[in-house]
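What follows is each chain in one-letter form.
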Amino acid sequence: MKQTLWEAYPILFGGDYNPEQWPEATWETDMEMLAQAHVNSATINVFSWALLEPQEGTYDFSMLDKIINLLQKHNFQIVMATSTAALPAWMVKQYPDVTRVDTHGIRQGFGKRHNACPNSPNFQRLAQDLVTAIAKRYAHNSNIVCWHISNEYGGQCYCDNCAQDFRNWLQKRYGTIAALNQAWDTNIWSHTFHSFDEIVPPDQHTDEFENGGAMLGGESLDYRRFQSDSLLANFKLEKDIIRATDQKTPITTNFMGTQKDLDYFKWAKELDVVSWDNYPSFDTPASFTAMNHDLMYGLKQAPFMLMEQTPSQQNWQPYNALKDPGEFRMLSYQAMAHGANTVQVFQLKQSRNGCESLHGSIISHVNSTETRVFKESAQIGQELAGLPADLLTSKKQADVAIIFDWASFWAIDFALGPSVRLDYVQQVHAYYQYFYSKNIAVDMISVDDDFSQYRLVIAPTLFVLRNETATKINEYVHTGGNFVTNAMSGLVDEEDNVHLNGYFKLLQPALGLWAEEWDVLPPVSTCEVNFNGHLTTKANIVCDLLHLDTATPLATYQTDRFYNGTPAVTANRYGTGQGFLVGTYLDEGGMQHLGDLLVTAAGLTSADQPTGVELSHRYSDKYQYDFLINTTAQARTYRYEAGAKATDLLTNHPVKSGELTLAPYAVKIIQQPMI
Amino acid sequence: MKQTLWEAYPILFGGDYNPEQWPEATWETDMEMLAQAHVNSATINVFSWALLEPQEGTYDFSMLDKIINLLQKHNFQIVMATSTAALPAWMVKQYPDVTRVDTHGIRQGFGKRHNACPNSPNFQRLAQDLVTAIAKRYAHNSNIVCWHISNEYGGQCYCDNCAQDFRNWLQKRYGTIAALNQAWDTNIWSHTFHSFDEIVPPDQHTDEFENGGAMLGGESLDYRRFQSDSLLANFKLEKDIIRATDQKTPITTNFMGTQKDLDYFKWAKELDVVSWDNYPSFDTPASFTAMNHDLMYGLKQAPFMLMEQTPSQQNWQPYNALKDPGEFRMLSYQAMAHGANTVQVFQLKQSRNGCESLHGSIISHVNSTETRVFKESAQIGQELAGLPADLLTSKKQADVAIIFDWASFWAIDFALGPSVRLDYVQQVHAYYQYFYSKNIAVDMISVDDDFSQYRLVIAPTLFVLRNETATKINEYVHTGGNFVTNAMSGLVDEEDNVHLNGYFKLLQPALGLWAEEWDVLPPVSTCEVNFNGHLTTKANIVCDLLHLDTATPLATYQTDRFYNGTPAVTANRYGTGQGFLVGTYLDEGGMQHLGDLLVTAAGLTSADQPTGVELSHRYSDKYQYDFLINTTAQARTYRYEAGAKATDLLTNHPVKSGELTLAPYAVKIIQQPMI
Amino acid sequence: MKQTLWEAYPILFGGDYNPEQWPEATWETDMEMLAQAHVNSATINVFSWALLEPQEGTYDFSMLDKIINLLQKHNFQIVMATSTAALPAWMVKQYPDVTRVDTHGIRQGFGKRHNACPNSPNFQRLAQDLVTAIAKRYAHNSNIVCWHISNEYGGQCYCDNCAQDFRNWLQKRYGTIAALNQAWDTNIWSHTFHSFDEIVPPDQHTDEFENGGAMLGGESLDYRRFQSDSLLANFKLEKDIIRATDQKTPITTNFMGTQKDLDYFKWAKELDVVSWDNYPSFDTPASFTAMNHDLMYGLKQAPFMLMEQTPSQQNWQPYNALKDPGEFRMLSYQAMAHGANTVQVFQLKQSRNGCESLHGSIISHVNSTETRVFKESAQIGQELAGLPADLLTSKKQADVAIIFDWASFWAIDFALGPSVRLDYVQQVHAYYQYFYSKNIAVDMISVDDDFSQYRLVIAPTLFVLRNETATKINEYVHTGGNFVTNAMSGLVDEEDNVHLNGYFKLLQPALGLWAEEWDVLPPVSTCEVNFNGHLTTKANIVCDLLHLDTATPLATYQTDRFYNGTPAVTANRYGTGQGFLVGTYLDEGGMQHLGDLLVTAAGLTSADQPTGVELSHRYSDKYQYDFLINTTAQARTYRYEAGAKATDLLTNHPVKSGELTLAPYAVKIIQQPMI
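Protein chains in written order, with full-length UniProt numbering: chain A, 1 to 675; chain B, 1 to 675; chain C, 1 to 675.
A hint or two may mislead.
As the list claims (entries may be wrong) - Some chain B residues near chain C, calculated using beta-carbon distances under 8 Å:
id, residue
1, His74
2, Thr103
3, Gly105
4, Trp184
5, His191
6, Phe193
7, Val200
8, Ile412
9, Leu416
10, Asn497
11, Tyr503
Since the hints were derived computationally from the structure, they do not count as laboratory data.
Ideal placement from N, C-alpha and C gives every residue a C-beta, glycine not left out.
Given these sequences and hints, build the entire structure.
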């Protein structure tokens with residue numbers, strides 16, 4: 001029924017455009033300038049509620065009509081937002097419950113954005129009315145190629161409406177209060193509940209600690225789930241209204257990579273297409289950006305929209321360094337290499353006021369087509385226009401999967417202990433980074449995805465482990481899979497209850513071991529991991545103390561503590577596969593050594609290459625696309641093995657095997673026929 | 001009338017046990033496992049209010065009955081808690097005033113624990129009803145050897161009920177508003193009160209500053225006293241109920257060492273026996289733990305219960321390192337060496353959920369008797385069972401006393417100035433540490449204790465000095481005592497009014513000097529203290545500028561500031577004793593040098609010994625017990641002078657004089673007949 | 001009509017005196033002691049509201065009468081405060097709206113000081129009544145030489161009264177909501193307002209971010225202006241009452257140098273004389289103190305009162321180091337060198353309680369005239385008494401002006417971006433420091449002052465630039481002026497709207513360039529500035545990327561980034577003057593090099609001198625006064641060029657040209673007849 005964005009249209013090149021911030025007299029000039037940059041689309045109406053509905057129930061679409069007419073006249077495709085991400089002042093004044101209550105119990109007033117209480121009936125009703133009016137008026141506009149609902153969903157509310165809806169949500173989940181008491185283990189600290197209406201949201205003035213820790217893990221995890229679901233219900237409310245009128249245009253909302261608040265795997269099921277906003281800082285490793293792209297791709301294992309990025313500099317980071325010449329272009333193609341089918345920015349024209357006025361745009365404050373950034377944008381626009389439609393049908397392929405698990409992300413941060421140094425995303429990235437450095441494609445997957453298609457599945461710090469996931473892992477290894485996990489994995493169930501009888505016991509078949517306890521390493525620790533004499537590298541954060549059943553040690557601890565010489569890293573044959581356990585957190589050298597062992601074990605092909613050069617692949621039915629990217633500011637050389645008829649799509653020149661010189665931030669998109 | 005815990009029973013080995021968190025089917029196995037570890041007691045019912053009283057006035061003791069029956073059946077002694085340390089959810093819902101209002105004026109909701117407003121009439125009434133029911137039902141149970149009221153009292157509330165009770169408390173203390181105005185010196189910053197009902201609790205949204213400083217020291221000190229008294233009234237409310245029914249079983253609540261909130265010297269008077277929870281971090285010096293034990297002993301100058309410790313690792317510290325093998329045992333005997341007559345842990349069985357689920361226990365998540373920690377626990381249990389009853393009658397003896405003063409602790413932190421680096425507990429410990437390092441026993445005492453029994457009394461940073469205490473000190477020195485104090489001592493009276501006419505003037509007889517002013521040293525300072533050419537060591541925090549009357553200098557400042565060469569440390573003969581003043585804060589080298597001078601002056605016996613080896617003594621009517629403890633992870637040798645018939649109670653082997661080899665964490669309890 | 005303070009009286013030497021904190025029996029002794037220190041005045045009644053008005057409408061002046069009688073009897077001049085800076089407890093109890101609501105929306109309770117809501121009708125009414133009573137009773141007292149209204153005004157309130165008055169203030173400023181929407185650019189993030197009553201104060205629970213950034217710069221800037229105006233209205237309310245009764249005595253309130261909250265240039269217009277409180281920390285550079293004095297002088301370009309300083313040590317800083325002997329005296333004369341015509345302290349007698357009890361005073365806790373500090377005070381008092389009346393008529397002269405702009409100060413802190421390292425005051429000081437180090441007098445001026453009298457005008461980080469200011473700058477350069485500005489200057493208009501078409505475009509005539517964009521330097525950056533080979537020095541914070549029209553480069557960037565070799569510092573001839581642009585932030589070495597270039601360009605006379613020696617000048621109609629000050633703790637020598645009849649007023653010795661030896665903290669006030 002629904003067509004995808006990329007079947008019907010050329011590559012979208014555009015971004016957020018807010019002409020309502022500017023005199024109408026300037027709009028035509030904007031259009032002409034943007035056309036010079038080959039911009040073919042605009043995201044509009046993201047924050048216009050106060051303009052669209054000057055008072056309750058009275059709509060004024062005159063400005064939006066003009067904007068849409070302008071874009072249509074200039075043949076711009078439209079990504080149409082719904083304006084519900086920021087509340088009008090009159091609404092907060094009239095219905096104070098539409099804003100959130102914070103973790104200290106303080107109701108927020110009018111201001112900022114992204115602060116509507118998801119469970120406010122007033123907010124829900126008013127959003128529904130607005131979106132109904134918008135859908136009615138614009139749903140059949142042929143220039144609208146995508147609906148963009150609200151904006152960057154996230155955050156929590158702790159108000160009475162949320163409390164009441166939380167109780168209902170819990171009643172649906174657990175049925176009886178007894179079942180809830182059992183699931184949450186509430187006899188701790190006198191938390192036994194006798195009816196659902198005794199339950200209040202866990203926040204810092206109730207059941208959470210100043211450091212973010214939770215009194216009852218199950219309660220806090222459920223509140224995260226509930227809030228994520230509440231926002232998702234807001235999304236679905238709007239989506240359903242639009243879909244009722246418009247059965248074919250894709251609907252999305254913009255995601256934010258490895259953010260913590262929302263379980264994107266659950267959300268992605270409700271989106272027609274994933275889109276996200278990519279804002280690396282000056283010191284973000286290229287591998288981290290790549291991992292975020294792969295995660296966004298992995299939400300549906302399908303291409304996504306790069307909804308936002310800045311062509312020049314952010315403004316909300318501590319040090320908003322300028323992108324180098326070519327870096328915006330490089331980052332755009334890096335996104336594409338990992339599955340992006342659009343290149344969009346925030347924003348087309350730089351605001352002159354508001355808290356984003358120092359955020360770079362294609363049309364900068366200079367208001368000229370002669371700026372460095374405009375010219376680079378125009379180059380990208382021109383190049384994108386020349387790329388073949390077939391590219392948009394191409395997909396990733398990977399033999400390696402890394403599990404990303406929002407439940408574990410939440411539960412680790414709610415846990416009191418074992419160490420303040422444990423950072424979930426950083427530890428997932430530590431594994432990703434190795435494969436990235438070897439140009440080995442990785443799929444980012446959820447615990448619910450199919451493992452069988454991968455030669456190697458990695459579950460870094462998979463703190464929350466359901467029984468059925470454990471069974472699936474054991475089965476995967478037994479039937480030939482290679483599985484890796486590490487310290488703090490498999491510790492608790494979905495409601496934060498520790499799995500008993502030895503840590504890793506649920507994975508004992510696959511791993512061939514269990515752990516009795518773990519030590520915690522202060523920063524001053526000198527504990528090391530010795531890979532059977534080949535390499536000695538620092539151990540970090542925790543050290544599992546392991547009992548090997550069938551597993552064999554790959555490395556042992558080297559320490560002045562009592563567990564000196566005991567196993568730190570292990571391998572275990574189980575059925576026709578292998579299960580690996582890393583009982584601690586390795587530094588980069590350790591990860592390199594471990595990764596090499598895993599590559600060999602899984603029979604993967606790995607290639608050494610110059611630091612910062614990335615080779616990624618996409619595959620259509622007809623072609624292979626190699627994205628060869630120098631992510632650095634220095635020139636690099638790369639020995640590239642070209643097939644017959646290999647062509648660089650950005651130059652239309654044939655590419656031959658051999659040493660390629662890659663200028664700083666150079667990009668080649670090499671198309672070769674599938675064999 | 002009341003028997004002490006240790007006259008009637010063997011050494012309690014046990015700890016918190018929460019079977020209500022587990023299926024009943026597992027309880028018998030717990031008992032069998034614990035019996036294998038020679039556990040003979042359990043602390044129960046600490047956090048069960050919500051279970052015991054599912055709705056107001058309706059009690060359900062079925063689960064508690066079962067637990068008590070279980071323990072009785074297995075001959076476990078019971079430390080019986082009252083469950084008032086955490087509120088049921090229904091109570092907070094029904095009576096919001098039962099929770100506290102924080103320093104920003106925000107009422108807390110249901111959650112966590114230790115958060116009942118001590119002055120809530122509803123809380124008081126409901127606690128009274130619950131404890132009455134508990135006492136009625138269980139007071140005559142012969143297995144109950146100790147009552148444990150609430151848990152780890154502490155914290156402050158700033159609600160309207162507290163405000164009203166504070167006014168009453170002040171009226172009782174001062175009689176008239178004029179007397180209060182004079183005591184607090186309220187004409188500062190327009191704080192003159194015209195009636196008691198104008199007074200509000202000092203918090204951060206009234207009279208305290210963000211950094212914890214107080215606008216009016218007297219007001220904030222009195223609020224501390226009032227809150228400490230309010231919680232003590234809660235304790236006494238419960239104690240009186242129990243005592244009405246049970247006239248013989250000792251009653252306690254668990255203390256927390258050098259915590260700040262409660263004046264334990266005042267509290268201890270109301271307890272039959274002191275108990276406390278010992279949670280050193282991985283980097284806590286052994287001397288600091290010893291000081292805490294000595295302080296807990298000193299509250300009543302009597303043996304105490306070691307109510308809680310972890311056998312393996314904490315979970316709420318930044319880095320929850322595992323205890324080494326033998327370290328749990330060593331710490332248990334170190335406690336005993338300083339007066340503990342029980343060895344208890346939190347907890348017997350590790351929770352599988354809640355914010356303490358990663359806190360180590362005797363029965364760990366492995367649920368096995370084969371774990372390292374279980375086996376070490378069993379060893380301790382077996383050893384304790386073999387120790388003689390006479391040991392529990394033994395007491396400490398010391399020639400040195402160090403004053404610990406909660407009023408000074410509070411007042412220093414309320415003071416704006418002189419330096420952010422002044423930490424009361426750390427500075428008390430600096431003095432304690434010297435004597436610890438020389439195996440010289442120290443009594444921790446209050447300003448109200450008798451000084452005359454000591455050869456040396458030290459008052460580190462005794463900021464608050466009452467006239468009567470000053471008189472007592474001067475008298476003590478005059479009649480032969482050796483007294484030491486240091487910078488920032490004797491500055492103010494009980495209501496924070498500075499003593500005029502020269503700092504130290506109240507102690508002028510004893511010290512033979514006064515100070516005109518003090519310099520404050522930034523961290524970059526190079527000011528040093530020169531002990532008459534023998535040693536030069538860093539001065540820290542402040543430097544008193546002294547005028548010597550009869551005192552003589554032991555050390556002078558060495559600085560590029562104008563007070564170069566003036567006295568830094570002094571001695572003064574007064575009557576037949578001596579008064580010493582240290583005008584600054586010394587580093588460890590300086591403390592060693594100073595300590596040696598004091599040892600000589602006071603005619604104490606001091607012995608050099610290997611770092612980390614502790615020799616402590618307890619004395620009964622019949623025996624001397626020497627606790628020789630290697631607190632370190634390395635082997636040590638120690639030259640021990642044994643009397644005749646010296647026997648190591650842990651091996652039942654005779655001990656002879658000579659070089660003893662002490663393995664890591666080795667402990668010897670050497671019994672010798674009193675001569 | 002009004003006489004100035006210095007025409008009628010000798011130099012005021014005195015300070016805050018609070019006898020109401022002490023028994024009356026001690027007052028006479030205070031007077032006698034102060035007379036020994038040549039103290040001739042006292043500031044009284046600063047915080048006595050609760051004493052003066054024990055209940056609403058009932059006044060009790062008995063204590064104040066006694067204090068005034070005491071001072072009159074001893075011929076002390078009186079600086080008479082109005083007591084409105086701290087609220088009585090009864091008032092807060094009766095009228096809770098008199099206290100402020102903080103940035104989180106929490107109403108403050110009774111306590112501390114400086115916390116009255118400026119827009120509380122109850123506060124306004126009660127203050128008016130009190131001051132009316134005071135004026136009526138004391139206005140004709142001949143010993144009152146100055147009125148001191150309230151104390152150290154500052155801070156913000158976010159209550160409903162403020163919200164309503166803010167709306168009225170905005171209506172007056174903008175007329176229509178449409179005009180406000182345009183000025184604030186409210187179509188961003190759905191902030192369009194449809195009526196004034198939708199507007200709420202921007203705070204952290206509405207429109208400001210946790211880091212202090214603003215959602216709408218115009219809104220937050222206007223709220224700052226409104227709050228500054230509201231407090232100023234409080235001041236004027238009191239002033240008008242006093243002026244109605246007393247037409248001749250000067251009225252002031254004490255300022256606090258480079259504080260952020262109030263636009264002192266606007267305030268100073270309402271004060272008869274500027275007064276301020278000088279509290280350098282142990283590590284405050286002498287140049288920073290000098291800059292503050294020059295700013296206070298610059299508010300009216302007239303001598304000011306040094307209302308407060310401590311003779312010995314502060315108590316509210318992290319490390320409250322003691323002033324060296326002579327340092328209090330040196331700082332007093334440094335103030336005078338920069339325009340102070342009084343020498344006053346906080347306070348004459350040290351409090352024995354309250355949060356300022358550890359703050360040094362002339363009469364210390366020792367309560368003696370024999371203290372070091374008392375004797376130094378007495379020396380100063382004696383010297384001041386000997387200084388000629390003509391000195392008080394003397395004024396500063398400067399060829400260099402530095403613009404200090406509160407709007408820019410506010411707007412930079414409200415901006416999200418470009419770098420967390422940008423500190424407005426520190427960057428103004430970086431320019432001031434150069435001229436200070438060369439003994440070149442600087443006037444601190446506002447953007448509204450006349451530039452034409454200066455050879456060099458510097459506008460460091462003048463973030464906010466109005467069109468008329470830009471025009472004035474261009475005109476100043478065109479007619480021969482030398483103008484310097486730097487990165488982040490001229491960025492926005494008064495409502496935070498970015499000036500378009502190229503950064504610095506409003507100053508393009510003067511500077512001969514525009515900037516396209518800027519890079520932001522993280523702390524790890526290695527970017528440098530190369531002054532055409534003469535000097536290479538670190539670039540900091542940001543680097544403007546410049547397009548030179550008529551400007552020529554004085555320095556270029558040296559970096560591994562793409563803008564290597566492009567201009568960093570430029571000069572431009574325009575008309576008969578020059579405009580300089582520093583596109584980045586220089587370190588001290590860079591500032592020295594730049595400063596030397598500017599001195600040459602502007603034809604200024606500069607002299608190298610020993611570090612820490614300051615030579616400042618004041619000029620009366622008859623005499624030049626040279627203040628030669630060694631601000632350091634080390635001896636210095638200085639080659640001084642004396643005119644004929646040069647006399648050191650502090651020794652009455654003639655001064656001859658040549659090498660003068662200056663002891664630590666030495667001061668010479670050399671009088672020479674004007675030629």
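Hint check results:
1. His74: Interface hint status for His74/B: violated (54 Å vs cutoff 8 Å).
2. Thr103: Given a least distance of 11 Å, the restraint on Thr103/B is violated.
3. Gly105: With a minimum Cβ separation of about 6 Å from chain C (threshold 8 Å), the hint on Gly105/B holds.
4. Trp184: 7 Å, holds
5. His191: 7 Å, holds
6. Phe193: 6 Å, holds
7. Val200: Cβ of Val200/B sits 5 Å from chain C, so the hint holds.
8. Ile412: 11 Å, violated
9. Leu416: Cβ of Leu416/B sits 5 Å from chain C, so the hint holds.
10. Asn497: This hint holds: Asn497/B lies near chain C, its Cβ roughly 5 Å from the closest one there, short of 8 Å.
11. Tyr503: 7 Å, holds
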